[in-house]
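Enquirer: Given next are the chains, with one letter for each unit.
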Amino acid sequence: MKPPRFENAGVDAWLVRLFDDIDEANMPWLMALCRRCEEAFGPALVDLVPSYTTLLVQYDPLRLTAGQARAQLAEILADLRPDDEAAAGEVKELPVWYDDSVGPELARLEAASGLSREALIEAHAGHEYRVFALGFAPGFGFMGSVDPRLAMPRLATPRKRVPAGSVAVAGRQTSAYPRVSPGGWNLIGRTPVTLFDKGREGLSYLQVGDRVRFKTIGRDEFERLGGDTTPVAPLEEDQR
Amino acid sequence: MSQQSVGALRVEKAGPLATLQDAGRFGVRRLGVTQGGPADLHAFAWANQLLGNAWGAAVLEITLGGLSLVAEQDTSLALCGADMGATRAGEPLAPWQAFTLRQGETLTFGSPQAGVRAYLAVPGGFRGEPVLGSLACVVREGLGGHDGEGRALVVGERLTFSLEARPGEEACAVPAQERIDYGQSPRLPLVPGAQIEDFTGTSLFQAFNDTWRVDARADRMGVRLTGPVLHCHRPSMISEGIALGAVQVPPDGQPIALLNDRQTIGGYPRLGTLTPLACARLAQCQPGQEVHLVAVALSEAQEAYCRFLRRFQS
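Protein chains in written order, with the numbering used here: chain L, 32 to 271; chain C, 387 to 700.
Only chain L is shown next, with the shape it has when bound in the complex (with noise of 0.2 Å):
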C-alpha cells in the first residue's frame, strides 16, 4: 500500500485515497477506516462516504478545523491494520429472473459475448461478487467483478425508466435498481428482493463489504416472491 494521500474536500471533509485501483483486498482497510472514524472523531463525525478504493470523512467544522480533522486521520492511520472480520462481509443471496422481458440486453450480451444464453446466465449467477460501495440511489449497490466476457459499455442512451429490481451489468460492474429511475445499464433481468426499506433494520438490503450471489428462478418462483412481471418498455416508447 502507497502513503495514504488526503485530498480537501471543502471546508467540513477530507477525502482519504489510500489505493490507485479497484480490489477486494481494499475492504478490510477501508472497513477498518471507517470504524476507528467513529470512535476517533465521535460526535464531531457528520458522515462517511467509503467507496472502492477511498473514504470521504465529513465532520463538523465547528467542532474541529481542518488542521485538527486531517491530524486525527493521519493519527488513525499511523496504525491502522485491516479489519478482516468486518470485511468478510455477510453473504447475500439475489434471486433472479432472467428474461428478455425484464432483461432486454440479455440478446445484446449474447451477441457480444458469443456465449449461449445458458453460459451467459452461468457466468453472472454462478459467481460471487463483493458490494465495493453503495450509491447512485439508496441502496443501489455496485458489484465486481463481472466476468470480462460480460463486459459491456452502457448504453449509448439511458432509459429514463428502469423497473424496479432490475438487474443490471456495465463494464465489470453488477447492480439491481432499489426503484424507478433513470439508468443506462445493460438490463438482463430482475430480483422479486426490496433492496431498500426505510422501514428495516439497517435500511439497505446490501451493505458494503457484503458478497452477493445471484440465484436463477423461474417465473413462477418470481411472481411468488412478490416479482413484478410487468416488461420493460421498448427503448423509443422509454424515451417519450
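Everything labelled a hint here was simulated from the structure, so no lab data went into it. A virtual CB, placed ideally from N, CA and C, is assigned to each residue, including glycine. If a hint is listed, it holds; no wrong ones were tucked in.
Ranges between beta-carbon positions, derived for each pair:
#1 C:P402 <-> L:D228: 27 to 35 Å
#2 L:R66 <-> C:T492: 47 to 55 Å
#3 C:T597 <-> L:E232: 48 to 56 Å
#4 C:F591 <-> L:R185: 32 to 40 Å
#5 C:S497 <-> L:P34: 52 to 60 Å
#6 C:H619 <-> L:D259: 42 to 50 Å
#7 C:A683 <-> L:A119: 41 to 49 Å
#8 L:E69 <-> C:T486: 45 to 53 Å
#9 C:E564 <-> L:P189: 39 to 47 Å
#10 C:P402 <-> L:P189: 20 to 28 Å
We have chain L; now place chain C onto it with these hints.
Expert: Showing chain C alone in chain L's frame:
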C-alpha cells in the same frame, strides 16, 4: 398535543416544486442516501432566525413560485430568499421579513423576480415524521417531506406546526447587508483540490478568469455552467464520495456544481469544492445568469463558514 395548539396552512395552488427542508439527512450516505436540505442555506437560516426557531427547523422551500397557502388560524410566518412577487391578502409582500397571516388570508407566490427559491418558516418549524432522522424532502429518493414519501406539495394538503412555539416580534426583518441581491453576478468561492492538478494550465486560467453562465439544466442535484471547454488529462476515475459543492468536469468540459440532492459517489475529475454559502448563492441563480469562480484558501473558507454557523447556532 391538543387540536387547538396545532396551526395549519392549506395548499390552494401547489406550484412546480414546493418541499419541506430541514438541515438535511446525515449519517446514511454510505447507503447511497443523499444529503437533501435547503439549496440556499443562507435564506433558510434567516427565515428560521426571524421566528427565533432552532437551527435546522423545517421550512418550506418554494421553487419558481406558483404556490398559494391559506391560514387556518392567525399565524406568524417569515419569508426569505427569492422575490417571487408574493402577496398577502392581495397586498404585495417583500421577502426578508416576519409577518402575520390572519385566519382565512391567502399567501400567494407569483413568478421569480430575483432568485429562484423562497423559504417560508413557521413558528417551531413544520411538523412531520422524520425519515432516517430528517424531514428533508428528496423527490428522487422518495424520502422525507410532509408525507415521508418524498413528494412535493399538492393541492389540498395541510401543513401543520405548533402554535405553542410563540414567535418573536412581528416586523422583525433581516439586516440590509444580509439581504442578497440575486440579480447581481455572484463571485463564488471555491476551495481548489481534488484533481485540479490534472487540468491543463490554460483550462485552470480560464476556470478562474472567464465568465461562466448558469445553464437551464439546474436543479437540486446540481447546476451546469457553460463557458470555455476545460481539458483534463484524466477523463474519468474510479467513483468516490462527493462533497456538497464539488465541481466536477465531465468529458464535455463544462463544469457541474453538485448540490444537496447529488448522487453520493461519482467518477468525474473535479476542480475542487464550492463553499456551502457559494452553493447557496448559486442555487438562486436563474438560467443565463453570469457567475465567476474565485479560488479561496481552505482555512479562510472554513473560518467564514464557521462565522456563519455560529451566528445561527449559538
